[in-house]
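Asker: Chain by chain, the residues run as shown.
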Amino acid sequence: MKKLMLGNEAIARGVYEAGATVATAYPGTPSTEITENIAKYDEIYSEWAPNEKVALEVAIGASIGGARACCAMKHVGLNVAADPLFTASYTGVNGGLVIFVADDPGMHSSQNEQDTRMIAAGAKVPVLEPSDSSECKEFTKEAFKISEDYDTPVIVRLTTRVSHSQGIIELSEKENYEIKPYVKNIAKYVMMPGMAKKRHPLVEERTKKLKEFAEHSSLNRIEWGDKKVGIITSGISYQYAKEAFGDVSYLKLGILNPLPDKLIKDFAEEVDTLYVIEELDPVIENHCLKLGLNVTGKSKLPLVGEYSTSLLRENLLGEKVEKLNSITEEAPPRPPVLCPGCPHRATYYVLKKLKLNVSGDIGCYTLGAMAPLETVDTTICMGASIGVALGMEKARGKDMSRKTVAVIGDSTFIHSGITGLIDIVYNKGTGTVIILDNSITGMTGHQHNPSTGFTIKGEPTKQVDLVKLCHAVGVDRVRVCDPFNLKEFEQIVKEEVAAEEPSVIIAQRPCALLKYVKHGPILAINKDKCAKCRMCMRLGCPAIVDRGDHIEINPTQCAGCDLCPKVCKFNAIEKAGGRDE
Amino acid sequence: MNNTSVLIVGVGGQGTLLASRILGDVALSSGLDVKVSEVHGMSQRGGSVVTYVKMGEKIYSPIIEKNEADIILCFEKLEALRWIDYAKKDATIIINDQRIDPMPVITGKAKYPENIIEEIKANYKNVIVVPALDMAKKSGNIKAVNVVMIGVLARHSKFEKDIWIKAIEKTVKPQFLEVNLKAFEEGYNQSDT
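First to last, the sequence lines map onto chains A and B.
445 is the number that my numbering gives to position 445 of the first sequence; each next residue is one higher, with no gaps.
So the number in my numbering is just where the residue sits in the second sequence, counting from 1, plus 1000.
Hints listed in this document are in silico derivations from the structure and should not be mistaken for laboratory results.
Treat each hint with caution, since some may be false.
[Stated by the list, open to error] Only pairs whose alpha carbons sit at most 27 Å apart, straight line, appear in this in silico DSS-like list of lysine-lysine: (1) K1170/B - K2/A; (2) K211/A - K227/A; (3) K457/A - K1173/B; (4) K355/A - K566/A; (5) K352/A - K1109/B.
Put together the whole structure using the sequences plus the hints.
Answerer: Have a look at this one:
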């Protein structure tokens, strides 16, 4: 049966067909739908772990326990999981272990565009890279086999365009994978110096064998066409190359680590001009250069951003895109914004009003850096807000913490914020942390996390009590408040920032997009009462529009959250009635 | 057989994703190769969003480049202007006559261009303007703009109406099926303007 599936959905199907039974992840665009789709298969245990490190550790345990196991994350998640990865490379596996890592060239939804192939090379684990949905499924099944045949974790590297494009796949039957026996094996699984010293040579030996495998595997394939041009490529770049160059010769690599020598040399010998087309880092190109081959790659193609068919046409074939119309007017940009009704809007309104420095973090609330809020000062990585705020205090003295807060989402706090908070307490910091508790993992599309009280399958479970947790690590001042109670919230922020000891404010209000969140009627501005003071504009709500001579609320955008009437001194914002749904 | 490229553009939250999935299913049911490229994550939060649907005998890149779109389905006027260079000279351009101000316009830093539809009409022959918001309201749900637009697209496509309806039945949640089928009919029966 044929089905149209996202690359990520096809990965999930591959996991199912391979007979894997344990899947773990922390959500992160563009990887999230892998595990969301795996969760639909009752045969597979799946979980949202608190972070990628724990996720990979659980998957490693499942593999040692004999099951085929997998773990999914975005590229920066692999940094968090790098510690277990580098040593799991030494221990190898029992049941097959596959790690899906989705890179984000072009940074559609990320803070950097690192190349997972570089980390994989450092960890000495094989990398497969599919180029469409069909290969996503097939490569996944192949990855489990390679993992077991060569006793190694295997990374399947994806990029946004492969993860988030739908293509046609052919469904197959599920393999009846029998869980392997668990056998205690200290020499293999206890990585202390004596044992690790014996494992490392095996890793090097394994890479040699995998290199030999890469010479002959059907995952690396040659498509002969016109031999005037030969292209070595992989993943989504293969698709762009096929469209730009048509009937030339291709060496399409499916195994990106280790890279074959002979296959590449033999291909290069047959063609007149050799191109390497790969997004981000010159991994294949550097390998070719090491082999002494004359290739054109990064000298003509960028190291940054995504490629496209037209980019290849322009940079390699000299074909420029002509403009077909006479329209010269530019469209003003439309950057993403906090949604109408978003709880974070109230928080940022107060922080901006109090002119505080805001050490930010990763989530929807990073959008607080955008105009007109422009409230966030720093964003580095998951969980960094708290450590960065402490570092500012240590650099500039306690006074810095009298005008600074760290803001962090509930899911991000659990992911890696709690350790930063412990650092504040332990090392005598005096800062204030605001946990933006919207009861869900928002940006990635509403995944549960340990603070929501539900599992990935929606089953009720124990809920982390954030108040008790903060108390337990030694924070005496913990306050809980709905930021939509603007006056109370402002007062609390003032008090806690002023206090010369660690404090936590839990700004608690659910994400406006959650189904159970019911808003009131939409609002409208009474022109007779409006003094055009533009206080409401300071909220940065996409529903409130400045028309120059008057301010109005766009009824199709308004969520009826009732925040703007609270900042209007003239009571000009009234319920318009009628919720048109 | 030539490939057909359809660009669907709009504002995050307008349901471009669902529209592209319906179109993708129509292509699949018609025995074509098809790729649908979506946008997830940050840009969905009220930003400019684009999805690409390409169908034909064999599709490689899931992305549509400038001058390549046979059809552009625009859920909002400003987004029509933003993506117009992606249209072929003889492309069909279907525009929802709705204005959603982006943040730079809201804050007064930029102006919303006045004559978008006139300018596009002056450059392209096949421009269809749809009051999709009113039509969605008429069908009972302001959020059904996307399926109204799919209805208009269906009317101007080579695929049978039945295939579209089956694709909608497969794609939308059962509780919203009735209102979406009404919205589809609204779009399908719109007289050409």
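Asker: Next, verify each hint and record whether it holds.
Answerer: Against the structure, the hints come out as follows:
1. K1170/B - K2/A: Since the Cα atoms of K1170/B and K2/A sit roughly 15 Å apart, the hinted pair holds (cutoff 27 Å).
2. K211/A - K227/A: holds (26 Å)
3. K457/A - K1173/B: holds (19 Å)
4. K355/A - K566/A: holds (19 Å)
5. K352/A - K1109/B: Measuring from Cα to Cα gives roughly 20 Å; hence the hint holds.
The structure shown violates none of the earlier numbered hints.
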